[in-house]
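J.: Letter by letter, the chains look like this.
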Amino acid sequence: MLLCVEGFFALRLYTLSTQQEQIKQDYTDINNITLGLMSVDNWKDKVADIVSHQVKHFKLTPKQKEELQVEVEQVINALINKAEALVNKPQKSLGGKIKQLAIKTFVNTDKIRAQVPEFARSIIAKVDNPKQKAQLSTLAMTKFNEAQHTGSLDSTHKANQSLTDKMYRRYHVSSSDELDHKLSTSLENIRTETYDYCFGMLGCILAVLACWWFLRKRVELHAVLFIMSLSFAFILLAVGLTASMIEVDARIKSLDFVLLGEHIHFQNQVLFYESKSILGVVEVLFKQPAADSLAVGFLILCFSILFPVTKLISTGIHLLSKRKLAENRIIKFFAFQSGKWSMADVIVIAILMTYIGLNGLLDYQLASLNIKSDELTVLTTNNTALQPGYIIFISFVLYGLILSTILKAITPYDAH
Amino acid sequence: MMRTKLPNILLITGLGILLAGAVWFGYQVHISAKAQQEIKQDYSLSNSVTFGLFSVDQWRDRLSEVIDHQINGYSITPEQKKDMQAAVEKELRTLVAKTVAEIDKPQKTLGGKLKKMAFHTLVDSNALQAQVKPFAETIIQKVSSPASQARLKDIAASKIGQLENQTYDHTSEANAKVTNYIYQKYHVSDPIAFNKTVHTRLGVIWRNTIKNACSMLGCVLLALAFWWLMRKTVQLQTTLFVIALLFAGVLLVVGLTSPVIEVDARIQSLKFMLLGEQVIFQNQVLFFQSKSIWDIITTLLSQQKPDAITVGILILLFIVVLPLLRLLAKGIQLFVSNNKVVDYLAFEASKWDMADVMIVGMLMTYIGLNGILKSQLANLNIHNDTLTTNTVNYTSLQPGYFIFVGYVFFELVLSYILKRITPGYVSRRKKK
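If you read the sequences in order, they're chains A and B.
Numbering-wise (our numbering), the first sequence opens with residue 1155 and increments by one.
Numbering-wise (our numbering), the second sequence opens with residue 6 and increments by one.
Just so you know, the hints here were simulated from the structure itself, not pulled from any lab data.
We put the beta carbon where it would ideally sit given N, CA and C, even for glycine.
Treat the hints with care, as some may be off.
To be verified - Stretches of chain B that chain A covers, calculated by requiring three or more beta carbons in the stretch to come under 8 angstroms of a beta carbon on chain A:
hint : segment
1    : 146-159
2    : 174-182
3    : 304-316
4    : 370-381
Said to hold, decoys possible - So the derived list for chain B, only partly shown, Cβ under 10 angstroms to chain A, looks like this:
hint : residue
5    : Glu-142
6    : Gln-167
7    : Leu-168
8    : Gln-294
9    : Ile-301
10   : Leu-319
11   : Trp-357
12   : Met-363
All chains, please: the whole structure from these sequences, using the hints.
T.: This is the structure in structure tokens:
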């Protein structure tokens, strides 16, 4: 009866953990850096703002105006000089001479020269006037919009669009805020539910141990009880191995700066998200090209699958079989001594967790210098967390150790 | 009575000196390992990627340098002159044509008609078009004169300056604070001096750590050798054993509190070409962590999450508390016989004592972490014409790990010896 409940909880836990992984994966996809910081869409609007802002508010400082004025004046003066020289060239034909005379009479070059600064000013004013700028900014915007519709930009845009559309349809929402909200609530629900089942499983295990306590005097029941306890251990092991154990989540907390007068702000850009069960960790290690990683993967596989399974089987054999087999050295090693080695996996994950997940060093250092890190671009892995699979696996290891202690107490043979 | 007392005292003083040596060296290892950790932390703070590659201010400064350089080094080439001339000529021609067309429009007023006539008499529009070329030449010459170019450059540079002022993030203030703090702490005034100081200090500390760690393990080995020589003198065994337990305690404490694994991932250099000039970011620390076993436990315990705390408590229990209790129990067991708890701790609890598992676990973590980091960083290594990045991975096992390994082996030897010198317990078990 208890075993059935346990099995049910285990199954639920497993499905929930897979479901959670799926939702988290979707959540990550939506918040991924390719849809945020690296997304053309997001930048498009910002760059458009920058362009129009820059063109509209293109302003020359008085000093710049002055220098430009000098420049324009000099060009105009040079032109006048040239014209004068042309006019003053000795003319041969009568018509030419008359023309020269007429020009000299009517046109006073000195007067024109005096007007040069005025001309220059009006030219600059023309360049600098708001209407002109507005025109220019519209022109720039049209050019910019044209540039947007080039092939490569469109294709990434389309890919992103289809991804978000798919997500929206899957969760029956229409905006990203809604999706965010929905995903976080369902994640929260799943989390509490998983933990409920997790504690349910642990409760069952405790009930089993309580049984041992009550029945400790009834020697004839011990063998049956022990075999039942072993099947509980198997369920724990199966869940512990397959349910996700650790999730690693690396993100850029915030990216906040002013670019050409335009405030640009991105938050919580997910760089990397993985949720792994022990088997997943082994898989990752096996995929590494280096031989040492392979060795570690193999060791974890040994400690998490081979050792425990052999251990459970050999405890069974030790209890049920004949003396000779029961006192076999190998059987005895696995039955009594191998349990703690499964703890190696627990330790590996725990150390990994403190090194990768609880990476608060920079934040801590900054905080000690009284610097707020909210506005700085900092890599964080604060959302890295241990998952129920880990708790289940630890309970399995401890439960196994307790079982072997019990076995030592009830075994008819020599345990040493 | 005298005969046992004298060698006892001699033995105790001899081993006491060794023990004091081990404690002293252990303390030194601890101090220098901590110093190394702190220096490296400061170094990683000041070289953090947040203040380098991830800082818009840094990018702005580097890019503006390139652009300033470009503007200052700019001069109009003959080819560009030609192109400009062609453009100006074209502009002027259309201007002239437009003006002529304007005047040629049918005029209604008398004044207008007169003007038109005068214009046609005086101005030959073909001749005007012919003049366009020399005028264009004049304009270009004027614009490309050195004085004029200098003026235009000034204008461009000041405009770029304006744009730069509109681009910033929040690193500058934080960066100033950090540098200030670091420079004050290390009595340096510039990054080069800081790097040099850090480098030399780390070198010295590293040599010291190695030396001290070796001396410490040497003391322990010497004590063991001593014991081996004395193995026949039964009456001294108890004293020897107690002192050996103290040695184990020292090893355990130093092993627990000195850093075990150091993880350090950096972008050694990131170079790319922009407008023919090289932009370089150097020594960007992506990630740095150095922790002792004790740090690992406290980090886990200080979390808000119940599961992390559970794990922290378990590790504390199995790797710190239980080994210490077992050492204590082994000592007590020699004097108090037949106490159930003491007996259990001294002989039976090895199943729950996970110091040896911890060694394997840490080694596995180190290798796995190293492998994953290496392959991840290798993905960041790019070598092509425009962009070159070099990443390095300085992940290493630290002295604390080896001292902890020393403790575990020493403890194994002790357990073995204990079983040999206390036949009472074993026979009691047998009788049961």
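J.: With reference to the structure, classify each hint as holding or not holding.
T.: Going through the hints against the structure:
1. 146-159: Held - the segment 146-159 of chain B has 7 residues with a Cβ nearer than 8 angstroms to chain A, which meets the minimum of three.
2. 174-182: Our answer is that it holds, as 6 residues pass the Cβ test (under 8 angstroms) against chain A, meeting three.
3. 304-316: Since three or more residues must qualify, the claim that chain A covers the segment 304-316 of chain B holds, with 8 doing so at under 8 angstroms.
4. 370-381: As far as the segment 370-381 of chain B goes, the hint holds, because 9 residues have Cβ atoms under 8 angstroms from chain A.
5. Glu-142: 9 angstroms, holds
6. Gln-167: 8 angstroms, holds
7. Leu-168: Holds, because the Cβ-Cβ distance from Leu-168 (chain B) to chain A comes to roughly 6 angstroms (cut-off 10 angstroms).
8. Gln-294: 5 angstroms, holds
9. Ile-301: 5 angstroms, holds
10. Leu-319: It holds, given that the least Cβ distance between Leu-319 (chain B) and chain A is near 7 angstroms, below 10 angstroms.
11. Trp-357: 7 angstroms, holds
12. Met-363: 6 angstroms, holds
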